[in-house]
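Visitor: Residues per chain, in single letters:
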Amino acid sequence: MSNDNNPEVKKDTSMLKQKEMIAGNYEKLTNAKELGLKTSSTFVPGNLNELTRCFDIVNNLPEINALGNAMRKQSGAMISDAEKMGHSEDVCTYVKADIGMMAKGNIAPNGKPMPNPDMLLLSYTGCYTFLKWFELLREQYKCPTVMLHVPYQGDGKGQITQSMRDYVVKQIKEEVIPTMEQVSGVKFDIDKLRELMRNSAKAEDNLVWVLQSAKKKPSPIDGYFGAVYYIGPIFSAFRGTTDAVEFYDLLRGEIQERTDKGLGPVTPDGEMGKEKYRLVTEGPPNWTNFREFWKMFYDEGAVCVASSYSKVGGVYDYDGFRHDPENPIESLAEYCLGCYTNRNLPERTKMMADYIEDYEADGLLINSIKSCNSFAAGELLMLREVENLTGKPGAFIETDLVDPRYFSPANVKNRLESYFQMIEQKRQAA
Amino acid sequence: MKCFIGIDLGSTTTKAVLMDEDKEVLGQGITNSRSNYDTAAAVSKQEAMISTRFTLMRRGFENVASAKDSMDDIMSSLERNFRLEQFREQLDDLRTTCKGFVTDDRFKANADATKAVLDTTFNQLNDEAAALFAPGAKRKSDFFRDIAGGSFMNIAEEEAKKADLSYDLLLNVYDKSIIKVENRPPAGDMNNKFTRAMENAVEELSALGLNADDFATAMTEGLDIELEETYVVGTGYGRVRLPFPKEHIRSEILCHGLGAHIMYPKTRTVLDIGGQDTKAIQVDTAGIVENFQMNDRCAAGCGRYLGYIADEMNMGVHELGPLASKATKVAKINSTCTVFAGAELRDRLALGEKREDVLAGLHRAIILRALSIISRSGGITDEFTFTGGVANNEAAVKELKKLIKENYGEVTINIDPESIYTGALGAVEFARRAAKGDLTGAEEQLGAA
Amino acid sequence: MSVKEIIDRCEEIFEDLNFTYAREWKVAEDGRKVVGYMPVYVPNEIIHAAGMLPIGILGGGDAMEVIHGDAYYQSYICRIPRSTVELGIMKNLDFVDGMLFPSICDVIRNLSGVWKLLFPEVYARYFDTPQNFRSDIGGEFYKNDLQELREGLEKLGGREITDDDLRNSIQVYNENRDWVRKVYQFRSDQPWKVPASEVYLLMRAGEILTPEDHTQMMKDYLAAVENEERRMKDNCRVVLNGSFCEQPPLGLVKSIELAGCYVVDDDYMMINRMITEDIPTDGDPLLNLSEAFLKHSLDLASKFEPSEEKKGKFIVELVRARGAEGVIFSAPSFCDPALLDQPMLAHVLDDANIPYISFQYAENSGQMQPIREQAGTFADSIKLWSAA
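Chains as they are written, first to last, in the numbering used here: chain A, 1361 to 1790; chain B, 101 to 549; chain C, 28 to 415.
Isolated chain A, as found in the complex (with noise of 0.2 Å):
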């Protein structure tokens, strides 16, 4: 790896750009005050960012902080403050994590103590934890906190129903609008919403292209631990920015360039060598120790060519969602409706399945979660189910998001090396 080789130094120039945006949106938070800014914590499936910045609050999301504490080694002690301050060792690390932050002066990455929340935005979807995560931030932080009940699409095969937008689209108008005004002093105005979501449509369109780049053999990209970076932007606090919208102009150039030359992706060891195993995964990384598991794949040739954890803040390439800008709050409705864990299993089931097959992949790999009943209650039935669907044998580890405590390395290696003989040995067979 060098550095005046051209992709690398265009790499950078998208990563860069990241890095910049992301320690802005900080700097305004712990700055929120001498700014005159509302400040708002929210989550990641879900959010509703366009609305958010409609009225200048300032989205804060606690996911993030966590598994950012997490790749700072930070998050082992914050979660055994909360399981001292009474919170059982069995439940979201996520959650554990947050609180003994809080404990310990919510300090933000640029060292700054971050404001409290002006409001707590929460957007129930997809997870039952985060009903009970804000309950317990609002415990803390005393101040507004708006639910947004995103009912499940539990039933029949995964149609969103005229009641359930309906139910949602009322929500956001009677129930999340009025307290955003009522926080920030800001009027409604549903023309700079419309503004941001052609913002938000046009960076989805290069986000699903950069996703589905992966389809090329070799994958010039990982589309789930280098997925990570590219949905930074656009799960965070920058969907239907400019800045997210130059953000994957940039990206999309470098990986056209990867395209054309041929090239893996690139691991933070370098480039990779040379693709031996496609994988489809199921379930969120493990954080605290990222690059140690990402490894474990890129050192034995494996690319994760997708992955259900790009889907999480919002599914823009499986049934083609984009945000809409001529029917803005309807379309908010659906993009909470449609995000990945807010679909059913067997659902999902099918979505691994067909990517298993659109992406040429040799099967799927479930990281299953402790903390995580969402993603995880039924893996192990998937992961059975695609093995059937797809012919292609599967295989399951287990870690946690950001409890360092339920990573062990020697268990997910072996296994990993397990799976990856097994895929070369039914090759060799064949």
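Keep in mind the hints are simulated off the structure, nothing from the lab. Watch out, some of these pointers could steer you wrong.
Negatives, chain B to chain A, calculated, CB over 10 Å [stated by the list, open to error]:
1. R134
2. A230
3. K262
4. A307
5. E352
6. L354
7. I388
8. F392
9. G478
Below, a list of computed lysine-lysine pairs in the DSS-like style, where the Cα atoms sit at most 25 Å apart [what the hints assert, rightly or not]:
10. A/K1502 / C/K322
11. B/K346 / A/K1773
12. B/K346 / A/K1655
13. A/K1530 / C/K281
14. B/K501 / B/K454
15. B/K454 / B/K502
16. B/K505 / C/K118
17. A/K1636 / B/K215
18. B/K366 / A/K1786
Ideal Cβ positions, reconstructed from N, Cα and C, are used throughout, including at glycine.
Chain A is fixed; fit chains B and C onto it per the hints.
Guide: This is chains B and C only, laid out in the frame that chain A set:
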């Protein structure tokens, strides 16, 4: 001759199997996995070599007329006497090492007295050694640490008391020394030990009127064959620690699948319950792995569970199965969590339930857990092969058979008493194939990017 | 009937994992259907109005060995889904024509999908309840949800469910809930006469019996238990919280009382307690069901509490109303709703100076000793505390 070796570095024991070019297994060896994986691999390999020598000698003895009718007796006597030689050699090593730890600054005025106690202890151990390896004698383990350890402690405690010395200090010296001795690569001249063992065997079997000279040539021939280590493949939990290049390593799943296939070619489902994990493997008609599942992050229901229970009950792990088999009813044990099972066990015993019934319940709990893992991997297809340490436990096997019948109907269940070598057997077959250029299942070397 | 006869009958129903009562009910008339539901709340009225028997599926208890169900769930997931799947795979539920999975947590939610995949011939529905409690928003959505359930059951049963059917069923359940409340009130008044295990078994029977049979049983029980000679003990009075989904083994229910605690309220069986007032039997029945849930349902971990001030206050009110002296948090291991809610309830209790303890269980927990010890120590400390 060209030979191939497979080594299975497990969490509790390390196994090695040696195979010739004709796919015939000539020898196998086992040792306890120490903290030092290199040594464990070296020891198990040497044990497999020794066992190979016995095989080769036996072949040679086929031509000795006087041996024909009593081959089994001869081989068993030869082996026992060889083990005795080996044991004494290690005992000497242990004595020297122990004494080396007795230094004046730690033991002050007692250094000489301590050395004297050690000498008395080891003399006695040496005297008792012959009985340990006498015909028909039962040893609680085949590992030096286990055989020597218990006796040492008994004798040393007595002797320390007599000499008014601290037993704890002696124990400390022993603990340090045994680790050193265990981790020392095996030394000593093999041929001499074989020769002495043969002499002793002839003497032991004097009733048969054997003549040592008759065997000498056959023995020398057996010992003179050069065992050319052509290809070694490592597997098992500790395989990443093996000092092997990547292409010499295979996952234990692949090796267990292939090993079971070699033992029982009609095998389609394999269950292996090892110390650290439980594996359910589905293989095709050629022994190629189609699917596998291992116990999840939680180690519940692995072999270690029984070890823990044995500790709780103050019994040897090998005594559990026989006691459980005496149960008249199976107590319901709900926890396969190793930690909770201990508490539940005490609870049950406190309530007056019989030890054998509770133990039977614990065995059932493990097997239930294993069946869940099998179910996860796709269930049982005829034939079914059960391997790993727990496969030698009659109580566990009994529950397994019962539950398989209830859940999957009539299925042929294969259990080889030597099933502990399954992984190593698969590994050695991979080694043999790799040497022939067939790299099925092997890692292709990654080219530099 | 004597108390013993009634409780023996309840215990028989409780232990019967083959659901003989429901099977017999089903074959007694042609075309009858049985609909199972998971905890914590579904409007049984609609199932009843369809002429079907609603039965609570509450896992496999401590008597069942789970093999295949375990194959589908990781070790860090609670036990109720695995034993429920085991019941399904082992054909204990082969007579169940429909299954409802209420919105209580992600595990039960996803179990609805597991059911669809494993048992495609069964009518399986995720049943949502609103987290927005405005009539025009959450109410509207919920009414539609109820209508979808009604239509689903109409299709399953091959007959229309009229508004009058619904009104009639509401009446039946109003009476049932009334008697449930009477049992709870009686126990609170004279807990020495009504052991926790008897109330538990009586309410468990209500998960299987027709509401009419169950109501009669409660009437008989209260009539019989009046005359029981049972000695009053020097026990403390506690409210139990957190056991609304996966159920503890019966031994645990008994252990708490044996350790010196009278359980004067609990949340074991919420199905016939969730709605706290009679539902009107005139007007739009679905609207009435919807309004009852929005306005007159118990607070529970799985429901969002829109008001910060009110969060968790119900437990203090319950302690006061029942004259309890403390709270026992008894939640299943890995139960997200109960365990995430608990710290907030604990803070409310701290503020009100109400003592509490907590422990966890699984439906097949085998050892009661630690629980007896904790509950015993708690009872002793309450007595010492109140004596001081």
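Visitor: If you draw a straight line from the CA of B/K454 to the CA of B/K502, is it 25 Å or shorter?
Guide: holds, 22 Å
Visitor: Do the alpha carbons of A/K1636 and B/K215 lie within 25 Å of each other, as the hint requires?
Guide: Roughly 62 Å between the alpha carbons, so the hint for A/K1636 and B/K215 is violated.
Visitor: Does the no-contact call for B/R134 survive, Cβ to all of chain A over 10 Å?
Guide: The claim holds: B/R134 sits with its nearest Cβ about 17 Å from chain A, beyond 10 Å.
Visitor: B/I388: least C-beta distance to chain A exceeds 10 Å?
Guide: violated, 5 Å
Visitor: With 10 Å as the threshold, tell me whether B/L354 passes as away from chain A on beta-carbon distances.
Guide: violated, 5 Å
Visitor: Examine each Cβ of chain A, and state whether all of them lie more than 10 Å from the Cβ of B/A307.
Guide: holds, 53 Å
Visitor: Is the claim that B/F392 lies outside the interface with chain A correct, judged by CB distances over 10 Å?
Guide: It is violated; B/F392 is separated from chain A by about 7 Å at its closest Cβ, not greater than 10 Å.
Visitor: Going by Cβ atoms, does B/E352 stay more than 10 Å from chain A at every point?
Guide: Incorrect as stated: the minimum Cβ-Cβ distance to chain A is 7 Å, not above 10 Å.
Visitor: Holds or violated: A/K1530 with C/K281, Cα cutoff 25 Å?
Guide: violated, 48 Å
Visitor: For B/G478, is the shortest beta carbon distance to chain A beyond 10 Å?
Guide: At about 7 Å from chain A, B/G478 fails to clear the 10 Å cut-off, so the statement is violated.
Visitor: Once the closest CB in chain A is found, is it more than 10 Å from B/A230?
Guide: For B/A230, whose nearest Cβ neighbour in chain A is about 43 Å away, the distance exceeds 10 Å, so it holds.
Visitor: Is it correct that the beta-carbon of B/K262 has no partner in chain A closer than or equal to 10 Å?
Guide: holds, 47 Å
Going down the numbered hints, you'll see the structure goes against 5, 6, 7, 8, 9, 13 and 17, while the others check out.
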